[in-house]
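Work out the full structure, taking the sequences as your base and the hints as a guide.
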Amino acid sequence: MKSTDYKIKSENVDVYYGDKKALTDINLNIRPNTVTALIGPSGCGKSTFLRVLNRMNDYIDSFSMTGKISIDGEDIYQSKIRVEDLRANVGMVFQKPNPFPKSIFDNVAYGLKIQGMKDKEFIKKRVESALKQAALWSEVKDDLKNPALSLSGGQQQRLCIARALAVNPKVLLMDEPTSALDPISTAKIEELIFNLKEKYTIVIVTHNMQQASRISDYTAFFYMGKLIEFDKTAEIFTHPREEKTQNYITGRFG
Amino acid sequence: MNRGYINRIKDKAFGLVGLIATLFGLLILTFLIGQVFYEGYNRIDLDFIKSLPSRKPEKAGIYTALAGTVWILFLTTIFSLPLGISTGIYLEEYTKKSRFTDLLEINVSNLAGVPSIIYGLLGLEVFGRMLNLGNSLLAGALTLSLLVLPIIIVTTREAIRAVPNSLRMASYGLGASKWQTIWEQILPASMGGILTGVILAISRAVGETAPLLVVGALAYVPFAPSSPLDEFTVLPIQIFNWISRPQHGFSVNAAAAILLLLTITFIMNGVAVYLRNRWQKKHNW
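Here the protein sequences line up with chains A and B, keeping their order. Whatever position you read off the first sequence (first residue = 1), add 297 for the working numbering. Whatever position you read off the second sequence (first residue = 1), add 65 for the working numbering.
Hints are computed from structural coordinates only; laboratory data are not their basis. Check before you lean on any hint, since a few could be wrong.
Said to hold, decoys possible - Interface residues of chain A toward chain B, partial, derived using beta-carbon atoms under 10 Å:
hint, residue
1, Asp322
2, Met353
3, Asp355
4, Tyr356
5, Ala385
6, Phe391
7, Pro394
8, Lys399
9, Tyr407
10, Ala463
11, Val464
12, Phe534
13, His536
14, Ile546
15, Thr547
Note that the Cβ used here is the ideal one computed from N, Cα and C, for glycine as well.
Here it is as C-alpha cells:
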C-alpha cells in the first residue's frame, strides 16, 4: 500500500493543554473504508486524538499542537484550510446524543442548510437517504415534523448519525457513541457502524473491549498520551505485542 | 426527647417563621396598593389620560407624562437592546478568557449595582451638556440606556451560558461557522432568557425617577413631546410633583397615576413571565 493511500495520516503529533502534555509523538495511519477503534483508560488521550482529526480542540483556549495531520493528503492544520469545510468532510458523533431542539427533519437538514443549500427537493431526498443509512427512516418517516427530543435515547443517537451523514462526509468520528445507550440500541448502532464502513472511514473511541473487537478492523491502544500499539484488531486481541496492551484488554487495569 | 422529635419541632418552627415573613411583606403590599386603588381608581377615565397638565387638580391630566414614558420606553429599548445583546454575545462567545475579560466581567456586574442617581449625573454631564442635548427625551433615554445596559448584558450572558455546550459542539461539528451557530442555535435557545431580562430591565427603567430628575425631566411640560429632542416628563416625576402639592385633589391624581404606572410595569412583567414559560417548554433539556 502506498503511503498516499491512507485516508488519515498523523505524523509526530504532540498536543498540549497549557503546560500539560496530552499526546506525545503520535504516528498513526488510517486506511479508507475501515473502522479503527481507539481504546485505552480514561485520560489516555484517545478522545483528544479523535478531536484533533476535525479540529474540535480549537475551541479549547489552552490547546496547542505540533506535528502534522493530513486527510486525503492535505494538511488540515494549514492556514488556508477552512475549518467549516473540514468538518463537513469529517463528521462527528458525540458521546451523549445531542440533537438540536428542532424537528427531526430540521436536525438532519441543518448541515445542508448552513452550507447554503436552498433546493428543497434535494434536501428532502438527502434527509431521507441519511435517515435510511442510519436505520432510522422506518421509525420516523411519518413523524418528521416531531421534535427530535421526543425520540428515545437510541433513536436520538441514530438521528445524530443521520445528521452527520447528510452532509456527505468521507470520515466519521465517533466518541463513545453507545456509552449512554441500552444494549439493544447499542447493538443497532454497532450493526450500523459495520454497514457504514462501505462508504465511510470510521474512527471510534470506545471503553468497551467487546465492542472494539466486534466492530473494528484496526485497534489503537493509547496509554498516558502515547500510542502503545496499533494493529489489526484480531492481532491486538489475540497476540498483543506489548505487555501494557495485554494487561489492558484482559482487564488487569484501566 | 429524641433527636427526631426536636428536628421535627425545628422544622415546623421554621415553616411558621417563613409563613409569617411571607405574609408580612404581602400584607403591607396589599395595604399600600389597596389604599392607592381606593383613592385613585375613580379618578381614572379617558379625560384624565387625555388631558394636559393644569394648575387645577380636577382639570389636570396625565397625557404629557404618559407620552413621555412611552417615548422613553421606546427610545431606551432601541438604544440598549442591540448594544446590550451584542455585548453579551461578544463577551460570552467571542472573547477568550483572560485577565482583561475577568476585569470586564467584574466591572459590568458592579455597574448593575451602581445607584441610579450616579447615572443621572453622568447623563447630565455627557449627554445634556457635552453633547448639548439639554433636557431632551434623547438625553433622558440615553441616560436610562446606560442604567439598563449592564443588566441586559449580565442577563444575556447568563441566558447564553445556560445553553448546553453539546449544542454548540453539534453545530460546529457539522461545519457551522461561529455566526451560524450563534444565529441558528444559541440565540433561539437563549432568547427566552434574554427577552425576560431585557423586559425586566426596561420595566425598571420606566419606574426610575432620580436619573431623569437630574437630567432635567421637568414636571411641568405643557405639551406632549413630538420628537426626541423635545423636553419631557415621565409618570414617576409627575407623581412626585403632584404628591408634593398641598391640595388634596393632586394627591388623588397622584394615586391614579400610580395605578397607571403599576399597570404598565405589571403588564411588562407579565409578558416577561409568559415568554420565559413559553421558551422553557420549547427548549426542555
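Hints versus structure:
no., hint, verdict
1, Asp322, "27 Å, violated"
2, Met353, "7 Å, holds"
3, Asp355, "9 Å, holds"
4, Tyr356, "7 Å, holds"
5, Ala385, "4 Å, holds"
6, Phe391, "6 Å, holds"
7, Pro394, "9 Å, holds"
8, Lys399, "9 Å, holds"
9, Tyr407, "6 Å, holds"
10, Ala463, "8 Å, holds"
11, Val464, "6 Å, holds"
12, Phe534, "30 Å, violated"
13, His536, "36 Å, violated"
14, Ile546, "30 Å, violated"
15, Thr547, "34 Å, violated"
In summary, the numbered hints that this structure violates are 1, 12, 13, 14 and 15.
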